[in-house]
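A.B. asks: Chain order of the listed sequences is A and B. Residue 0 is where the first sequence starts when you use numbering that gives the first Met the number 0, and the numbers rise one by one after that. Residue 0 is where the second sequence starts when you use numbering that gives the first Met the number 0, and the numbers rise one by one after that.
For the record, the hints were derived by calculation from the structure and aren't laboratory data. Model, not experiment: these values are computed from the prediction. No residue lacks a Cβ here, since even glycine has one placed at the ideal position from N, Cα and C. A portion of the hints provided could be inaccurate.
To be clear about the criterion: a stretch of chain B counts as covered by chain A if any three or more of its residues have a C-beta under 8 Å from a C-beta of chain A, and this derived list gives those stretches [what the hints assert, rightly or not]:
no. : region
1   : 31-39
2   : 56-69
3   : 165-173
Anything over 12 Å on all C-beta distances counts as not near chain B; from chain A, calculated [claimed, not checked]:
no. : residue
4   : I97
5   : R146
6   : T160
7   : T195
8   : T210
Chain by chain, the residues:
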Amino acid sequence: MLTLITSTGASSMLDLLAWSPPGWGATLVQGLLNTIVIAFGAYALGLLIGVFGAFGKLYGGPIVKDVLAVYTTLVRAVPELVLILILYFAVTDAVNEILKFYGYDPIQLSGVGAGIAVLGIVQGAYSTEVLRGAIQSVPAGQIEAGRAMGMPPTLLARRITLPLMMASAIPGLANLWLTVTKDTALLAVVGFIELTKATSLAAATTKAFFTFYMAAGVLYLILSLGSGLVFSRIEKWARRGQRNIGRGS
Amino acid sequence: MKDFLKPHRIVMLVIAVLIVGWCAYSMNWSWLPKYMPKIVSGIWITCWLTVLTMGLGMVLAVMLGLAQAAGPAWLAWPAKVYCSVIRGTPLLLQLWLLYFGLGSLFPQIPWIKDSALWPILRQAWPYGVLALTMSVAGYEGEVMRGAFKGVPSGQLEAARAMGMPRLTAFRRIWLPQAIHRALPTIGGEMVLQMKSTPLVATITVVDIYSVAKRVTQDTFIVYEPLLLLAVIYMALAGLIVLFFRWLESRIPSRTA
């Protein structure tokens, strides 16, 4: 490390990270933006799958329960990298088969769309488990009371179950967000230019490996620490009713 | 068994068998015999990578956990920062930083290049082992911190009251109880660790994932090697889960 800094010099290290083209700053930030967009999309898709999956696992019929059990078990037992490859090829092939069926030309899926779809399906399995646990933590009396008042299931979910489970779901969901930001790095292996891939391109071109990987590490850390702060505020908000109970007001 | 075999499950099992049968019959598995030796050696590499890095990582994690749970501030803080940095950055980035960064740095340093270790350091696997070990240590360090703090203080006070030296109390009372508490989590983490080993294929270690990619490159067959990979990883995950279930059942615990 010391020899590297002295050989390249601290000023040239800053030149490499500069915004405009001799520097690679803009490339890294563009990669970071791609990472955030994909993480956000995949997280949202995962949450959507997770909400339906969790309700299905708890209140669904026997077939729905078993199919969901197979889905969560399979996805959680196979490495994300392998799943990404399988889903990437499968999703591309499926889309092209459908296009061919309707007489269109095959297309190459955009990296962002495929990345969101693939990571979203993976996230969905984990979200299902987190949300299922959170729904189970809602006191049964609350749900029974809602039913006794004649609430239809969707209204019951919207007004009673989902708000009450938020507090216990947030820590697990925060972990999942951190996981998905880091899992976007796996798309680098498929060749998609997010932060890790952009970094490796910059590092391979300039041979300044430490500079760029450290810089990317700092960007990832800022992302994870920053979202940690956001999630702790969300958790405070989700627990706003509970504090009063705790204080015994 | 009777509970398991409900009518809809029998139908689902039949569908599953049909899917497996269709895969075996109509997909192209002719490459399998030729690549069998490579597949076996790939599975072996994945297995020892998982076990070795998990073992080394646990040793580090016990130290990290202890430093955070009971250490003085000048030990607790670095341990906390280490865990945050490892958990806040992708493993792929850490791996590439170590492999490409150290790999480009070491040849410039004469005493490393002339040392007896150089033939080993020129290969890729030490960097893979290092990155996976450091990563698992960061995650397990947090787990062990919680486990050390969860051991009732009465146990430690009793040990001190019996005049046990601190190291003996740690070895006989604190560590076993902490590990017992953390065992289910450690089992889950070991599956996660097994699932992160294919990343080493990106730095040219020939594990099972890299063998499957090789098959695709040689024969242009896409789905079959990936399906084989998925099956192999699922089997390994199942073995790990079974092993930890057996381990947990061996430790006597009192449930009210």
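A.B. asks: Could you run down the list of hints and mark each one as holding or not?
C.D. replies: Results for each hint:
Closer than 8 Å: that is the beta-carbon criterion, and the region 31-39 of chain B has 0 residues meeting it against chain A, so the requirement of 3 is violated. Only when three residues or more bring their CB closer than 8 Å to a CB of chain A does the claim for the region 56-69 of chain B stand; here the count is 0, and the claim is violated. Using a Cβ-Cβ cut-off of 8 Å, 0 residues of the region 165-173 of chain B lie near chain A, which falls short of the minimum of three, so the contact claim is violated. Even its closest Cβ contact with chain B, about 18 Å, leaves I97/A beyond 12 Å, as expected for a residue assigned away from the interface.
No Cβ of chain B comes within 12 Å of the Cβ of R146/A; the nearest lies about 26 Å off, and the non-interface call holds. Listed as outside the interface, T160/A is consistent with that label: its C-beta sits roughly 27 Å from the nearest C-beta of chain B, beyond the 12 Å cut-off. Listed as outside the interface, T195/A is inconsistent with that label: its C-beta sits roughly 5 Å from the nearest C-beta of chain B, within the 12 Å cut-off. Not every CB of chain B lies more than 12 Å from the CB of T210/A, the least distance being 9 Å, so the non-interface label is violated.
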